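> Let the sequences and hints guide you as you build the complete structure.
There are 2 protein chains.
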Amino acid sequence: MSPNHPFDPLASREISKAAAIVRREFPAQTPNFRVITLKEPAKAQMVPFLDDQNRGINSSKRPARTARVQVVLPGDSAARFVELWVDLDRAVIIKKEHLVGKHPYIDSDYMQAVEKACIEDPRIQEQIASLELPAGATVIVEAWAYATDGLNDMSQRTTMAMDDVDANYYAYPLDLCAEISEDLKVTKIYQLPSGVDDRINDKPKPFDRRKIHGAEAEYSPGLRSSPRATTKPYQVIQPEGPSFKTQGNFLEWEKWSMHIGFNYREGLTLHDIRYEGRSLFYRISLAEMFVPYGDPRTPYPRKAAFDLGNDGAGINANNLRLGCDCLGHIKYFDGWHTTTSGDPVKLPNVICCHEEDDGILWKHTNFRTQNAVVARSRILVLQTIITVSNYEYIFAFHFGQDASIHYEVRATGILSTTPINIGDNVPYGTVVAPGVLAPYHQHLFSLRIDPAIDGHNNSLQIEESYPMPIDTPTFDHTGKTQAQVDSYANPFGVGYATRSSIVDHEGGLDLDFTKNRTFKIINENVINPVTGTPVGFKLLPAYSQMLLAHPESYHAKRSEFATHAVWVTRHNDEEHFPSGRHTMQSVGGDGIATAIGSRSGTEESLVRNKDIVVWHTFGSTHNPRIEDWPVMPSEKMTVGLKPANFFTGNPGLDVALSTQESNRSVLVDGGDDTKPKSDCCKL
Amino acid sequence: MSPNHPFDPLASREISKAAAIVRREFPAQTPNFRVITLKEPAKAQMVPFLDDQNRGINSSKRPARTARVQVVLPGDSAARFVELWVDLDRAVIIKKEHLVGKHPYIDSDYMQAVEKACIEDPRIQEQIASLELPAGATVIVEAWAYATDGLNDMSQRTTMAMDDVDANYYAYPLDLCAEISEDLKVTKIYQLPSGVDDRINDKPKPFDRRKIHGAEAEYSPGLRSSPRATTKPYQVIQPEGPSFKTQGNFLEWEKWSMHIGFNYREGLTLHDIRYEGRSLFYRISLAEMFVPYGDPRTPYPRKAAFDLGNDGAGINANNLRLGCDCLGHIKYFDGWHTTTSGDPVKLPNVICCHEEDDGILWKHTNFRTQNAVVARSRILVLQTIITVSNYEYIFAFHFGQDASIHYEVRATGILSTTPINIGDNVPYGTVVAPGVLAPYHQHLFSLRIDPAIDGHNNSLQIEESYPMPIDTPTFDHTGKTQAQVDSYANPFGVGYATRSSIVDHEGGLDLDFTKNRTFKIINENVINPVTGTPVGFKLLPAYSQMLLAHPESYHAKRSEFATHAVWVTRHNDEEHFPSGRHTMQSVGGDGIATAIGSRSGTEESLVRNKDIVVWHTFGSTHNPRIEDWPVMPSEKMTVGLKPANFFTGNPGLDVALSTQESNRSVLVDGGDDTKPKSDCCKL
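Note that the protein sequences, when read in sequence, are chains A and B.
Going by our numbering, the first sequence opens with residue 64, and the numbers climb by one from there.
Going by our numbering, the second sequence opens with residue 64, and the numbers climb by one from there.
Take the hints with a grain of salt, since some may be wrong.
[Claimed, not checked] Example chain B residues on the side facing chain A (calculated, C-beta under 7 Å, incomplete):
1) I120
2) I423
3) G476
4) T493
5) P530
6) T684
[What the hints assert, rightly or not] Here are some chain B residues the structure puts well away from chain A; computed CB gaps all over 12 Å:
7) R86
8) V98
9) S122
10) P137
11) P185
12) H322
13) T361
14) P407
15) T537
16) G570
17) S661
18) R727
Think of the hints as simulated: they come from the structure by calculation, not from any bench.
Note that this is a predicted model, so its numbers are computed, not measured.
Think of the CB as a built atom: it goes at the ideal place given N, C-alpha and C, for glycine as much as any other residue.
Here it is, written out as structure tokens:
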């Protein structure tokens, strides 16, 4: 990969160089490196460079390669968490900030130490003994970086695994819970509530043998009954190879071009997305993801995960394997991260790139001549998959030949479970197996869209379809003359029209499908020559319930973005995260609503014909079905972006027609045994 | 195909037999046969037969094969339109009804006669001459069976095609319009409005040469510029053939079974859908489709198409071709229709059946052992495509290994256009080319779901997710004891729960994603052994704006179903069409709302734990983009049905793991060059 494009992630040697420079800064200490990642160039520097590049000019305006480094220093000073910006070209530190009151994302080494400290504590061992677990049971500590509830902080729960290391230990939640201090001491031990009226101060109860499950609770091949043999092989053949080209992280496919980025937190990011060379989006990424649980009983109100901010979509990205996660001709991209000592670590195959057939792009049959014309749809898929302890998320961008972009999220993996007495039910969870409660929760995503629709000054337009006013007392026009009828603007009450407004100030907005409310990102400075309207792209939102937690709750204070479906802000180089840059143990006041509030009334809050960012909140209120157990069939959520009077016609009009020569389909016996023709669609 | 199953469409010989019996009924006349189709058996007769069949018993309860025949008799008696039911086993007519005041669906022979009568009328020729059309222009009459507006009925418009027979004549809408009487006389000629304030009584204007387009307005391969050559071939190989089995119209795939039906009106219908032999749905079909236009100017208020009721999804089903409309191993099903003289006509390849890979079904990585397990998702696709003059609709049922059903509608084809003066704009349409207006319109579909969830007595449950009440004055519990905090039910304001109600009476209901309102079809008589709740399936609706036309307008009176997203009714063998059985020239009072009203307050209106039917209204408010021109990229709409505590776990848990041996993917240079392993997902 070329390390030289300003959008390229830091290369291995750049990570080492940044670490070395930072070590020199702390000669007396050994920093724990949490983050060494690209600090993306300021947009003000990047835009002229891109303009040169896209004019084919070898630009002299290349921004400096800069690393964003976060370290934790030894000791327990409130100032021990430090962020540094390192100019790699000049090998100098250009910014150093002590992040007082902030916490870095989860340190997996530390979490393992926490698990060890917990399981080795004699009081915990004593409690486990009192549970009288079945022979062969292994107790596993499931550490959770609990969110604050204003009372406590970290803690963990225990589950047990039956025998096999790959047993599904989420099927055996024990009611034993402990809280561990920063310095790895067990500070509190209690039993989790096991019934609707339970409190955590219950006495330990021996393990209920009726809670032992069979293969039906296991997903791992060795432990479950043999699979169905009915599904025949299905292979994708691309005799001439894929239709995409890559050079380093620069990708070209059909009429699209873009740069592929990757970082520890957002995982896959997309930059300078163009179609036929025309600028569409400066940057698109999943910016945050919040998973608050709905069980009100202590200690569960602390159960709320920021899977990007606390865990990291890049760090937890799967190593994707051939034949598993995609079909056809697959191009993989690697990522790089860092060890706690600052050494580069390769994250192999974190992104896969391939094509899929997407059915029919367009078709028409001239019923007078019976001539049919069909073009099939090909899409380019950029996919990354993350594992965040029990859950998996599959994130995929789909690019279409009709110039559409779709972002598909699939939730799979295993439900996070808690114990429940056999026979009990609670109104905020589903009993998925005897003694196993899958509590209700929400998955709320924030897709950050930094548009550049034919330029960087864009506006957010809201369009609604409304019935035209009725100006006639009755629709029974019998006996009237045509002139009388025509004297009305909407004489038969069938007229409808659209009206639109443009958002002037930063803020959060809501969806309303009953009005066909449509959010368009437009460029008021570029008018479509045929329609006479500004060029634009429209958002195809995922209609989702917003945050259910109370506005005064920590869930609401900490997440901020989860109360509105669409947010619009002025672009700010450092404003990438709608719940703030540091969500770990956060207490609120760091997110998108706070940022908007701080600019309210100033020139900085104006968003019409400015460099704006649009954020879409979507997701699911996930009240588990038993069909989600023991491993969950993918739950799909899709968001789209489509041109809306941006071009002067169907961008896919020139896609070649579908032919049997190229597609090589096979006729299964029966049906009308038509001989395939070269233009197979002519009747 | 076996003609003997009661759900099988009428076979060729059955159509001939029915026609012969009906001809005998009218010895002195020559009936114009409009419909000869299966009259599906009464459910009361069918259920015991299916029960026997599914117990493997050779049932003695086989219902008689019965044909539903509709004929138009010569002359102009108000009673000339007749429906007859013919018992084919006994060769007798069991019902004969004169449908006074009703009109049969569009007669394409008659429409061609109308076009001929129009173009041959000397006054029309005179008008065409006055338009001074360019040399080489051919005028084409586009006949529209206009809906009533209370003033007039049928009429048509003219367009012209440049030279080639496959030229896109929708790009050249002329402003000349005529109305033709039942007996093929031109009764009225006028110019269509061409500007926002135009009236139809304008004087004829010569054709504006600025309205002549080039290849950018054509979709036909011979007329447009050469296609892009960048899209490489993509083929689907199934070395062991498809995973489905068919016997006649009986289909088995993975754990699914169903009967495939087909009729002139609904096209594809599905019957007795089961999973692992358990009954899920008695019948599913697209029941109606309404396309009202929003242009309020005379004569456009009469432009409103019932594409099923007036045109027929079966009659207009495309002859699907290998390599065009599907990829992989394709099984086709034929349909049968009738000529106006009652002879059977084969409709070849009207349904295609094939499999698709649908990405990842489920995945989990045990982060402690780094063992990853992936199962890919295979779906079965049953697809039919219809052409209704300018538009194409692609209808596809997708069956999943997770026991989900998705119904995907794609709208493609060509926009219906009207003339507009160059430079003008109107608020109810988009100018897609110089002089060409694409008026706003809606596509409103009604999916009829006749459930049989573990039996025929089902209920419709409405579930919502709501925040639990706040019973603490503040969420700042600092200094409180745990016991004090626990004395509250929702001490931190994060608790949420679900509440549900069951619909007691027939009626129309609305969606509300802000409450996560979920519609479940449940069987209150069958309780899930693990969750302790009734077994059910939930509807995944398409959030759509309902009908925009005024409730007193003919659009509203005639469609009825388009005002609510979800309707529930008691099952009635003859109640299949939510805008009535005869939509042609209808004036209202025939649809689902009227039927419900007629039963209101009676025992027949009760729907709890009864044999019910659920109807889902969905679609799009289609305000055209210029990107929809000259042929529209597929616009997708999807509705789903998913098990909700119907099974005792993930129905796809036993799907075999994904392996490179089976999938044969190809590594594109670069990335981490991993050697594929047999369990390719183990890390």
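> Would you check whether T493(B) satisfies its interface hint, that is, whether its CB is within less than 7 Å of any CB in chain A?
holds, 6 Å
> Could you check that no beta carbon of chain A comes within 12 Å of the beta carbon of P137(B)?
Holds: least Cβ distance 28 Å, greater than 12 Å.
> Report holds or violated for the interface hint on G476(B), using the least CB-CB distance to chain A and a cut-off of 7 Å.
holds, 5 Å
> Was T361(B) rightly flagged as not at the interface, with every chain A Cβ beyond 12 Å?
violated, 6 Å
> Beyond 12 Å from every Cβ of chain A: is that where the Cβ of T537(B) lies?
violated, 8 Å
> Is the interface hint satisfied for I120(B)? The criterion is a beta-carbon contact with chain A at less than 7 Å.
violated, 25 Å
> For V98(B), is the shortest CB-to-CB distance to chain A above 12 Å, so the non-interface label stands?
holds, 20 Å
> Just checking, H322(B) versus chain A, shortest CB gap more than 12 Å?
About 16 Å separates H322(B) from the closest Cβ of chain A, which puts it past 12 Å; holds.
> Is the Cβ of S661(B) more than 12 Å away from each Cβ in chain A?
Given that every Cβ of chain A is farther than 12 Å from that of S661(B), nearest at about 23 Å, it holds.
> Using the nearest Cβ pair, does I423(B) come within less than 7 Å of chain A?
holds, 6 Å
> Beyond 12 Å from chain A, beta-carbon-wise, is P407(B)?
At about 15 Å from chain A, P407(B) clears the 12 Å cut-off, so the statement holds.
> Would the stated hint for T684(B) survive a check requiring a Cβ distance to chain A of less than 7 Å?
Where the cut-off is 7 Å and the nearest Cβ of chain A is about 4 Å from T684(B), the hint holds.
Checked against the numbered hints given earlier, this structure breaks hints 1, 13, 15 and 18; the rest are met.
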